[in-house]
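Number of protein chains: 2
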Amino acid sequence: MARWEGNARGRLERAALELFDEQGYDRTTVAQIAKRANLTERSFYRWFADKREVLFGGGEELEEHLVAAIDATPAGTGALPTLLAAFATAPEVFRPREFLQKRSAVIAANPPLRERELIKLASMSEALTAALLNRGYDQQTARLATDVGMAVLRLTTERCMADEQADFAQELSAGAADLLAVAADGVPD
Amino acid sequence: MARWEGNARGRLERAALELFDEQGYDRTTVAQIAKRANLTERSFYRWFADKREVLFGGGEELEEHLVAAIDATPAGTGALPTLLAAFATAPEVFRPREFLQKRSAVIAANPPLRERELIKLASMSEALTAALLNRGYDQQTARLATDVGMAVLRLTTERCMADEQADFAQELSAGAADLLAVAADGVPD
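From first to last, the protein sequence lines are chains A and B. Note that UniProt numbering numbers the first sequence so that position 139 is 139, with each residue one more than the last. Note that UniProt numbering numbers the second sequence so that position 75 is 75, with each residue one more than the last.
Extracted from the complex, chain A is given alone in its bound form (with noise of 0.2 Å):
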């Protein structure tokens, strides 16, 4: 079992996940989710500021590692290369399949959640192009490495969640061989 699913979170993420799916995210409330984790009101804004955080827990966690990832790059890596190997290193690939799924889903039905992770993600592409920056890169380059690494991710993402044999990080790589693909028609020869 990953280090994550025992924690009093996890417990609260599972249960906002389940309620949310069940019953919908409008009609959940924060009172609920504590219970059904078996757990107080309080303990739930001890982690999270609000219902909309509760699927969004780790993300800060998720950019410090990320971050300190790519600080930890070799020097002379390339800025895409950079991310790609960072997210390789990511722990947010040991939460469970089903779980992500599911989750996936919910934020999908529900526009309060897309909105909070657009914010999510768009706070994680600053972090990045900041790292990138701190390595050398300029603002220009460092941007635009960062939006098409987070479009790898993404769909790196997508597949491992629709094929339980895939390999995250062989994945990463195909899903940049499909970039290169994709920029190269964009360019006439």
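By construction, these hints were calculated from the structure, which means they are not laboratory data. Where hints are given, some of them may not hold.
[As the list claims (entries may be wrong)] Below, simulated DSS-like cross-link-like pairs (lysine-lysine); rule was C-alpha separation at most 30 Å, straight line:
{"#": "1", "chain 1": "A", "residue 1": "K51", "chain 2": "A", "residue 2": "K102"}
{"#": "2", "chain 1": "B", "residue 1": "K120", "chain 2": "A", "residue 2": "K120"}
{"#": "3", "chain 1": "B", "residue 1": "K35", "chain 2": "B", "residue 2": "K51"}
{"#": "4", "chain 1": "A", "residue 1": "K35", "chain 2": "A", "residue 2": "K102"}
{"#": "5", "chain 1": "B", "residue 1": "K120", "chain 2": "B", "residue 2": "K35"}
{"#": "6", "chain 1": "B", "residue 1": "K51", "chain 2": "B", "residue 2": "K120"}
{"#": "7", "chain 1": "B", "residue 1": "K35", "chain 2": "B", "residue 2": "K102"}
{"#": "8", "chain 1": "A", "residue 1": "K51", "chain 2": "B", "residue 2": "K51"}
{"#": "9", "chain 1": "B", "residue 1": "K120", "chain 2": "A", "residue 2": "K51"}
{"#": "10", "chain 1": "A", "residue 1": "K120", "chain 2": "A", "residue 2": "K35"}
{"#": "11", "chain 1": "B", "residue 1": "K102", "chain 2": "B", "residue 2": "K120"}
{"#": "12", "chain 1": "A", "residue 1": "K102", "chain 2": "B", "residue 2": "K120"}
{"#": "13", "chain 1": "B", "residue 1": "K51", "chain 2": "B", "residue 2": "K102"}
{"#": "14", "chain 1": "B", "residue 1": "K51", "chain 2": "A", "residue 2": "K120"}
{"#": "15", "chain 1": "A", "residue 1": "K120", "chain 2": "B", "residue 2": "K102"}
{"#": "16", "chain 1": "A", "residue 1": "K35", "chain 2": "A", "residue 2": "K51"}
{"#": "17", "chain 1": "A", "residue 1": "K51", "chain 2": "A", "residue 2": "K120"}
{"#": "18", "chain 1": "A", "residue 1": "K120", "chain 2": "A", "residue 2": "K102"}
Given the structure of chain A, go ahead and fit chain B onto it with the hints provided.
Showing chain B alone in chain A's frame:
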């Protein structure tokens, strides 16, 4: 003077932008915006659902325009070239550069506007992906091409805002070449 400048909507947009810039987004009311534009609050709500919407007017038209441009692309055009060709026809570029620069600064400085912008960009991405699906591309290619196409568009807009002499279509091509360089770097030879 560009088409959009003379109308009520354009006046409301410019008034809002001035006020957000002068006194901040939070302290500006719809009544103040309407007054500055010499219009009533009622006319404001004829054009915009709320205060946040005022800087995103024209987004739906742009979306429709781009989808139509994608549909009109000759058969056999690649996914990314289809998007780039559509972007090259975007009427957005006819807005005065100073308006776009000020708008961009005001959005960057105000979290509620940044959130709304993320939602608008996500909505545009969905429309573009759907238009590419409609052209026969598979879901993953359509989405990947949209993600990278939007990254090139963002870079292009930024460069055009920074350089008065920049040509939008030329900068799109340059952005596509930069994208290819970043993408090629991500795949081992």
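Review point. Which numbered conditions among the earlier hints are violated in the structure presented, ordered from lowest to highest?
Key: none
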